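Q: So the chains spell out like this:
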Amino acid sequence: MVTRASQNIQVGISKTLSPARRAQNALAMVLVALGTLLVLVPLFLILKDLFVKGFSSLNLQFFTQSQSEITFLGSAGGFLNAIVGSVMMLAVALVIGVIIGIGTAIFLTEYREHRLVPSVRLMGDVLTGMPAIVVGLVIYGLVVRGLGFGYSGIAGGLSLGLIMIPVIVRATEEVLKLVPQTLREAGLALGLPRWKVIMNIVLPTARSGIITGVILAVARVSGEAAPLIFTAFGNSFLTWDPTQKMSGLPLAVYRSAFEPSEAAVARAWSGALVLVLAILVASLVARFAARKR
Amino acid sequence: MNTDRPIRLQTENVGVFYGSKDAVRNVNVSFRSNTVNALIGPSGCGKTTFLRAINRMHELTPNTRVTGKIMLDGQDVYGSDVDPVDVRRRIGMVFQKPNPFPTMSIYDNVVAGLRLAGEKSKVKLDETVERSLRGAALWDEVKDRLKAVGSSLSGGQQQRLCIARALAVEPEILLMDEPTSALDPQSTQRIEDLMESLKQQTTIIIVTHNMQQASRVSDTTSFFLIGDLVEHGATEAVFQTPKDERTEAYITGRFG
Ligand SMILES: Nc1ncnc2c1ncn2[C@@H]1O[C@H](COP(=O)(O)OP(=O)(O)OP(=O)(O)O)[C@@H](O)[C@H]1O
Ligand SMILES: [Mg+2]
Chain C
1 MVTRASQNIQ VGISKTLSPA RRAQNALAMV LVALGTLLVL VPLFLILKDL FVKGFSSLNL
61 QFFTQSQSEI TFLGSAGGFL NAIVGSVMML AVALVIGVII GIGTAIFLTE YREHRLVPSV
121 RLMGDVLTGM PAIVVGLVIY GLVVRGLGFG YSGIAGGLSL GLIMIPVIVR ATEEVLKLVP
181 QTLREAGLAL GLPRWKVIMN IVLPTARSGI ITGVILAVAR VSGEAAPLIF TAFGNSFLTW
241 DPTQKMSGLP LAVYRSAFEP SEAAVARAWS GALVLVLAIL VASLVARFAA RKR
Chain D
294 MNTDRPIRLQ TENVGVFYGS KDAVRNVNVS FRSNTVNALI GPSGCGKTTF LRAINRMHEL
354 TPNTRVTGKI MLDGQDVYGS DVDPVDVRRR IGMVFQKPNP FPTMSIYDNV VAGLRLAGEK
414 SKVKLDETVE RSLRGAALWD EVKDRLKAVG SSLSGGQQQR LCIARALAVE PEILLMDEPT
474 SALDPQSTQR IEDLMESLKQ QTTIIIVTHN MQQASRVSDT TSFFLIGDLV EHGATEAVFQ
534 TPKDERTEAY ITGRFG
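Those protein sequences? They're chains C and D, same order as listed.
Sequential numbering from 1 applies to the first sequence in this note's numbering.
Sequential numbering from 294 applies to the second sequence in this note's numbering.
Derived by calculation from the structure, the hints in this document are not laboratory data.
Any given hint might turn out to be false.
[As the list claims (entries may be wrong)] Stretches of chain D that chain C covers, calculated by requiring three or more beta carbons in the stretch to come under 8 angstroms of a beta carbon on chain C: (1) 348 to 354; (2) 379 to 391; (3) 400 to 409; (4) 502 to 511.
On a predicted model such as this, the values are computed, not experimentally measured, just so you know.
C-beta atoms are modelled at their ideal positions from N, C-alpha and C, and glycine is treated no differently.
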């Protein structure tokens, strides 16, 4: 039935369309396909290189040993220190980014009439446009030197969190705007104060969109090496203590890639592959969780 | 018009502006305690606009302004020391379009107002759900799937769910904006019966396009036309001996 109907429609269209319009249509199709190809080809080339080179040197000790255990000949050692560092710093960043980011987005959309909204929005825009390395320098000045934290996982996490904030704000704002005004009205009409309506009705309705935004933000910062240079500094030894210097995957990849050792370069490829896969898996898991509500 | 009942809600020169456009002008009307009051008039004449002024719903819309006074038990709901949250707790509302909370189950929708106000007793919540859903003529249809999401219901069922949700918090005044326009005759009948029994505890103001409904359920009727209150009085009088010829033209179906 359905296919019969759609066939009829197609027949109808091709009969009624003039040859000139059909040619235009075909041309547009070819251009769109070419454009898609243009985007996809480099992506596949990069992924292919990454998988081939990354997998060939990936082994168990990559996950179980740290860079401090790398021998002079380069046979032993792995990136455990960087993996742990990334996890720790992303955790710090996530706390900062989620609390401040979602809080700011709520302020900007739910309290639109507040007189501070324009200035907060301006600050957000400035933060969006700020290069990651500058964010690193700001944290260096304020936290590493200013507050005397020294190079540390906390400082690294803070800089990543700062980069996350505008991404989360932007995404959360968009989904909050999609929540129908009639739902807020329904909540208020029950005699509920505004904050309860936001917490119990607006946010749950926007939940999966917000989660997606947070994932995007994590994905965005988990590949940042630049802000870590001035904040976490790097550390070839394994540490779980965020007040110590820490390494992160992108930082370890960046430094190993320039080392004059084939083993180090190979490890950098593996690090890049692990980073990409981790982001992929994390987004799939979180997206699945968001959908299950 | 049950003149023995005390006046519950009284408006003084109420006007509503959307930007510079006045959608409602100079409305002076009073509603007595424990009565049903119908607002009628052609589409776009300002019934919803007036209704939303009563529970301060316009405050959420930027550039919308309400002038005049709305006295609830002698106190202006727009008074500087009055919390809009308190006003809305006392004045419930059923909206023109059903708006159940999409993330909540049927059960949670009904008790949302109570639970978020701090009510924890399971017994009390269960009892409220059944009473409110029965009142809204929805209980029999949903009693076996109270855990299903509210948005899985049909449009008419959603509207009755919203009525149940408004009933659950036991408002002193209930504003209903065309509550039965999406309902079949049977459910409409049950909602009309509900209004009759709710009168014991509340004062109801209902917008309706259905003349029979207005004359069946209401004690007073107010006729609006392009933002003006043309006529207000006992329903019988308005329907049988209207003072204004425009009212007569409207209720006899000659325009609108
Ligand atoms: N948010 C708004 N901004 C600007 N104008 C509005 C807004 N809401 C309503 N209006 C206008 O105010 C007038 C009254 O609208 P209202 O919704 O109160 O009519 P109504 O009597 O409830 O009509 P209906 O019977 O169709 O529901 C209309 O002219 C409408 O276009
Ligand atoms: Mg209306």
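Q: Take the hints in turn and mark each one as holding or not.
A: Hints, one by one, checked against the model:
Residues of the stretch 348 to 354 of chain D with a Cβ under 8 angstroms from some Cβ of chain C number 3, which satisfies the need for three, so the listed coverage holds. Coverage of the stretch 379 to 391 of chain D by chain C holds. Counting CB-CB distances below 8 angstroms, 8 residues qualify, and the rule asks for three or more. Under a criterion of three residues with beta carbons nearer than 8 angstroms to beta carbons of chain C, the stated coverage of the stretch 400 to 409 of chain D is upheld, 3 such residues being counted. For the stretch 502 to 511 of chain D, the stated coverage by chain C is violated: 0 residues have a C-beta nearer than 8 angstroms to a C-beta of that chain, whereas at least 3 were required.
Comparing the model with each earlier hint shows a violation of hint 4 alone; every other hint is respected.
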